[in-house]
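Can you make the complete structure from the sequences, with help from the hints?
Here the sequence shown is numbered in the working numbering, starting from 454 and rising by one per residue.
Errors might be hidden in some of the hints.
What follows is a list of derived Cβ distance ranges for each label pair [claimed, not checked]: (1) Gly549 / Gly570: 21 to 31 Å; (2) Ala517 / Asp460: 43 to 53 Å; (3) Lys572 / Gln551: 21 to 31 Å; (4) His565 / Gln468: 34 to 44 Å; (5) Gly549 / Asn499: 26 to 36 Å; (6) His521 / Tyr601: 46 to 56 Å.
In silico SDA-like pairs for lysine to any residue, Cα to Cα no more than 25 Å straight-line [claimed, not checked]: (7) Lys515 / Tyr466; (8) Lys516 / Met578; (9) Lys522 / Leu598; (10) Lys515 / His552.
The hints are simulated quantities; they were obtained by calculation from the structure and are not laboratory data. Since the structure is predicted, the reported quantities are computational estimates derived from the model, not experimental observations. Every residue, glycine too, gets a C-beta built ideally from N, C-alpha and C.
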Amino acid sequence: RISFTADQWSDLYLQPYMAVTCHYCCYNSKKKLEIRNSILAFRIKNSQDGSHIADQVFFLLKKAGVLHKMGHWTLDNDGRCGTMLRRIEELCAQEGVQHFSAEGNRVRCFPHVINLGVKAILEEMKLRPQSVYECSSDIMDDASLRLYQEAVVKD
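Okay, structure coming up:
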C-alpha cells in the first residue's frame with residue numbers, strides 16, 4: 454500500500470496551492486526494504502472546494518496507476534479534507550476499488566491537532582493572564598510567574 458500526506462495553503466496573494474506526497478516501502482538494490490517518499494503533485498488549485506480538489510487528486514492517482522494501492526491519508530482537520538476523501542471513496546467505488554474508506558483510511562495530522570490545542574490555550578491565557586498565575590503559583594516563584602505573564606500578554 455501507498456500512504457499519502459496532503460496539504461493546502463494560500464500564498465500572500467491568496468493563490469491556493471496543494472501538495473500530495475506518497476510514502477511507500479520498496480526493496481533497494483541490496484534487497485533491503487526501505488521507506489521512500491515522492492511528491493505526486495504540487496499544484497495551483499482551481500478551486501478550494503473539497504469535491505473539486507478530490508476530482509483533481511483522483512485524476513492524479515488514476516494517472517499514476519496507484520488507485521488499487523491506496524492506503525492511508527494523513528490530513529489536517531479542515532472540513533474540505535473530509536469532503537475530499539468522501540468524494541475519492543465514491544470515485545474509487547465507480548472504478549471498482551472497494552478497499553478505500555474515507556473514514557477508515559484517514560489519519561488526522563497529530564501535530565496539527567496539537568497546534569490547534571496550544572493556540573486555544575494561549576488565547577485563553579492572553580484573555581485571562583491572572584488565571585495562569587493562579588494555576589501555576591504552586592510550581593513557580595513569583596518573579597518567574599510575572600515574567601511568564603508578561604511574555605504571554607506580549608505574544
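Exercise. Does 34 to 44 Å hold as the CB distance between His565 and Gln468, or does it fail?
Worked result: 22 Å, violated
Exercise. Given a hinted range of 46 to 56 Å, is it respected by the beta-carbon distance of His521 and Tyr601?
Worked result: 54 Å, holds
For this session: Check the following: the C-beta atoms of Gly549 and Gly570 are separated by a distance inside 21 to 31 Å.
Result: For Gly549 and Gly570 the Cβ distance comes to about 40 Å; the hint is violated.
Exercise. Within 25 Å, alpha carbon to alpha carbon, are Lys515 and His552?
Worked result: With Cα atoms ~15 Å apart, Lys515 and His552 stay inside 25 Å; holds.
For this session: Could you tell me whether the CB distance from Gly549 to Asn499 stays inside 26 to 36 Å?
Result: Taking Cβ atoms as reference, Gly549 and Asn499 lie about 28 Å apart, which means the hint holds.
Exercise. Would the pair Lys522 and Leu598 pass a check requiring their Cα atoms to be no farther apart than 25 Å?
Worked result: This hinted pair is violated, its Cα atoms lying about 53 Å apart.
Exercise. Within 43 to 53 Å or not, the Cβ separation of Ala517 and Asp460?
Worked result: 18 Å Cβ-Cβ, so the 43 to 53 Å window is violated.
Exercise. Between Lys572 and Gln551, is the Cβ distance one that fits in 21 to 31 Å?
Worked result: Taking Cβ atoms as reference, Lys572 and Gln551 lie about 39 Å apart, which means the hint is violated.
Problem set entry | Restraint status (C-alpha distance of Lys515 to Tyr466 at most 25 Å) | Measuring from Cα to Cα gives roughly 31 Å; hence the hint is violated.
For this session: Below or equal to 25 Å on CA atoms is what counts here, so check Lys516 against Met578.
Result: Roughly 49 Å between the alpha carbons, so the hint for Lys516 and Met578 is violated.
Of the numbered hints stated above, those contradicted by the structure are hints 1, 2, 3, 4, 7, 8 and 9, listed in ascending order.
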